Structures are given as C-alpha cells and as structure tokens.
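Colleague: If you're matching them up, the sequences are chains A and B in order.
With our numbering applied, the first sequence covers 16 to 429.
With our numbering applied, the second sequence covers -15 to 145.
Don't take each hint at face value.
As the list claims (entries may be wrong) - Stretch-level coverage of chain B by chain A, calculated; a stretch enters the list once three of its residues show a Cβ under 8 Å from a Cβ in chain A:
hint, segment
1, 1 to 8
2, 14 to 21
3, 48 to 61
Stated by the list, open to error - Restraint ranges, calculated between C-beta atoms of paired labels, are given here:
hint, chain 1, residue 1, chain 2, residue 2, range
4, A, Ser150, B, Arg84, 42 to 48 Å
5, B, Pro33, A, His226, 44 to 50 Å
6, A, Thr411, B, Val125, 51 to 57 Å
7, A, Ala104, B, Arg140, 42 to 48 Å
8, A, Gln424, B, Leu30, 48 to 54 Å
9, B, Arg140, A, Leu22, 36 to 42 Å
10, B, Ala1, A, Pro415, 43 to 49 Å
11, B, Ala105, A, Thr270, 45 to 51 Å
Stated by the list, open to error - Non-contacting residues of chain B with respect to chain A, defined by C-beta distances greater than 12 Å in every case (computed):
hint, residue
12, Val26
13, Tyr92
14, Val133
If you're looking for bench data, these hints aren't it; they were derived computationally from the structure.
On a predicted model such as this, the values are computed, not experimentally measured, just so you know.
Ideal Cβ placement from N, Cα and C applies to all residues, glycine included.
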Amino acid sequence: MKKVFALALGILTAIGGFVDIGDLFTNALVGSRFGMSLAWVVVVGVLGICVFAEMSGRVAAVSGRPTFDLVRERLGPRVGLLNLLASMAVTLLTFVAEIGGVSLALELATSVNVFLWIPVVGFAVWLVLWRVRFSVLEDVLGLTGLALVVFAVAVWQLGPDWGGLWQQASHLAKPPQEGTAVYLYYAVALFGAAMTPYKVFFFSSGGVEEHWSVRDLTTMRANVFVGFPLGGLLSLAIAAATTLVFLPEGVQVDTLAQVGLPVAVALGKLGLVVVLVGFFAATFGAACETGLSVGYSIAQYFGWQWGKYVRPREAARFHVVLLLCVVVGVGTLLTTVDPIKVTEYSVVFSAVALPLTYLPILVVANDPDYMGEHVNGRVANTLGSAYLVLVLVAATAAIPLMLMTKAGQRRAGQ
Amino acid sequence: MTRHHDAVLHLLDRQLADCEGRLVAKVDDVELAEGDDGRLRVVALLTGPGALGPHLGGRPGRPVVTTGGQVLGRLNDVRLVPSVSGQPGYTVDALVVSRRPVGSTLGYDRRAEQGPWLVGALVRALHRHDTLVPWTSVTDVDWKSGRIVVTSDDVRPLAQP
C-alpha cells in the first residue's frame, strides 16, 4: 500500500511539476494564433523529454552520476564550459521568467503591483531553497500544480467541436494568415519549451538527492512514462482553451491574465481562483527547479559539494550560487523587463543549448563501464539517435528563424 | 586481457570525494613523472584553477613523429596500466595518437559494439586513423619543444577489431 502511494505521489508530482511558465505561456500563445495545428510538436517534444529523462534518471540511479558530471567527463573542460555557459544562460533566463510568473500570478490575485511582489517572491524562493527539504519541496509544489487540470475542465465546459479540434491537430492545418517561417519558429519554441535542458539537470540531480538506486528504476520509469505525458496533456489543454476563446477573435495572448481567461470564461470565479493557484504553484515550483539547476550544473562542473541532501554549510558554494541567482533574477526583473518576453526568448534559446546536453547522456547511457547490464536497449537508442538529429536541426534553425520572423511577430498589416 | 585505463578518459575531469563521501573537487590535470627506468608514472592528480585554466584554451596535444620524420598525429591520450613490481599507481604503457586536432573517441574505441549506432559510427569514422604507440617504441621525448619521437615498428590501429 505504501508502495502504491509512493508511486501515485511520484506520478502526480510529475504531472503537476511538468508545466512551467515556458509551457504555460508558449502553449497559450500558440493556441491563440495557430489553434491546435502545432499540437504535434508538443507530442514530439514530450516523447523526447521522456526518452532523455528516463536515460538520465537511469544513469543517475545506476551510477549515481547526475547529468552535468557526465557532460564534463565526456566532453572535456572546454566544451563542457561552453555547455555550462549556454545552459546556465538559458536556465537563468527561465528562472527570471518563473519569478516574474509567480509575481504576475500574485498581482492578478491581489491587485498589488507586480514590482512590489518581485522582491518578496525572490526572498521566498531563496528561503525555500535554503531551508525546505527536497522531497517536501517537490511533493507540495507538484501536487498544488495539479490545479492546472482546471484547463482541461474548462475545455470540456466550453463544449468545443471536438471533431474540429482533432481536424486541426491531425492535419497540421496552419491558419492562412500566418506565414510558414512563423509557424516553424513557434514549432521550435514549443519543442524547446518541452525539452528544455534544466528538466534533465533537475531530474537526474533530484535522483541523486533522493538516493535512487537500481531498485528505484521502476518508480522512476512510471514517473516519466505516465507523469510526463499526462503533464503534456495539460499543455495541450492550455492550447485548446486559448484556441477556443481567442483564435476566432484573432486575439493574440500577450499576458498571463489572458492565459487564464478561458478558465474564467468557462468556470467563473471559482475557476479563476483555481487557475491562479495553479499558476502560482507551477511557476513557484519551476523557479525552485531552475534555481537549483543553475546551482547543480555549476557545482557539478567544478566538482563542488552540491545538493540539499547535505546541510547548507557543507555545500556552501552551492548555496552561494543559489543566493546569487536569486539576486540576479530579482535585479533583472526590477529593470522592468517584461517576464513574458523573457519567457519567449528562454524557450527559443533552450532549443540552441539542447545538443550539448543530450549527446553525453546518450553516450554514457550506452557505456557498460558506467551502466553494467542497464545500458540502453534498442528502443532507447533508436529514439535517442532520432531525437539527437531532431535536436540538432532545431538548434540550428532556432536563431535564423528568430531573426527572419523578428521573434514571431505577425506580418505587417495584420 | 590486462586492465588498462586511459588518462584523459578515465582520470581527467572525474569527481574527487573525501573518505566520508563528500564531494571535494574535479581532477583538473594529471601529473606524470619520469622514473629511474625512463617510464612515466602518474604521481599526482591536480585540481584548482591553475590546473584547469590551461585546458580551457584548447591546447592541442604534442606532435608525435617517427624517427623517419613522418608525422603520426598528435598525442590525444595516454594508456595506463597498473605499475609492476609492487609499486602502487599507474604507469604509461602506450600513447594514443590522433590525426584529429581536437575531440576524443568518447570511449568508443574500447568496444566495437557500443551503441547507439549513429554516434558510434560517426566517432569511429572520425578517428579511424588513430593509432596506439607502445611506450617501448618511444625513442625520445623532447620536453622543451614538446615533440615525441617514436619508431614506427609497433604502431597499431587504436580501434578494437
């Protein structure tokens, strides 16, 4: 019974923790402009993150090595440093966006200006990272994040033409008013949002934090293969909700308030309350995850003691990095930069940083010196190789597409 | 088969931990010293910015040439075996020489079947001319200019058949 409970808890937190500000906003925006015609990218991205999260989780469970350990071991100090700088920049950008997201959610709930909330949120995130136990952090925020299921309820309440939605999703029917380059740009953005590198840094380091061993492989796989796809369904529900409310009006989602609007339309005040709780939990949880991920990757590159499984004084440098992250994050937001813009850039840049993260995982997951009998099977290798190619294509295309489309702006005169 | 390790693949960039399992630092460099018998032994693992810094510049390996003047490539790694005659530690047994200026074999030279096929095939193709030169073939190491002179007799391909 206890085992079943642990399994269920793991899956539920995986669902609730899957969606972050990048998924939330990118899916809502894409829904409002492209309907469900980019749903296939979410499916492809979610399968990709499942493949690599399972691999990195398995490496962590069998060899006790988190991802950035492998990055430096296999790519050497030079390329490892390049990857560190790239993925840190992206993760820090995401961290900034998440803190902004939490503050915006609080502003929506309280009507207190967002700039008053930002320092408070930064302080709260730091306090949680410093004091709260890892498992508590993951369980509480993951479970609260499940409030976002309200999007699925809202879609059902809005009583859509299911056939029409399926038609859009299955025929890749790009709306005629949008150009192909913009369509591809948002495909890369959605892909980057789903496969963002911090998710594997966090997942594998979390495995080490919780002392996974070979015996935990089944639990880990259940989290990945049940929890992540259900989290992906949440992403699709968000896209479907904005498709139904905004696409017919030709309104583009630009703010967090608009992301939540379909829920308010469908379910009224109560829905609004639930969706705000969901926003708060999802972004606050992801702020903790991204903050920790920056600390994990720097500490693992330089070999410092890291993690919340030791007391903060034993991992002093790790906690200094966390504190600096919070200071930089809050400072950046107080320059009045728009958190939503930061989110948009963070998901596209994360597509650029993907290959250098996923290659070492794939290589080490095949190395019997680390993995013994738990090396990749044929399915993991076929999918892993296919995604490596895909990730390379997305990484190469991301910046040119961004420049060509002026970061996804609508063509003039529309 | 004797158990061998490669210095770059198995020692460099590895995690150092103390006796209680706390993480301490990374192996940023490996120090080798020449013994009385003229062989190189691993004498220290170096750590810290002073050891890491030079590696960040991407300094290419030392050139390896034959006594006949033919350039075999650059030193990419050194193969280590446990020291004989009861001494602890590792002794350099062979040089791994690559024509590629940068990049390593990522461990793919060790097993022919190691997957995934795509990555394995690519790495093996890039490093198909890599060679292994036994230490007994090394005639001279010029520490000043950094050239390593070897006889070409026992040079063999690196990749496992």
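Colleague: Which of the numbered hints above does this structure break?
Modeller: Those not satisfied are hints 2, 3, 5, 6, 9, 13.
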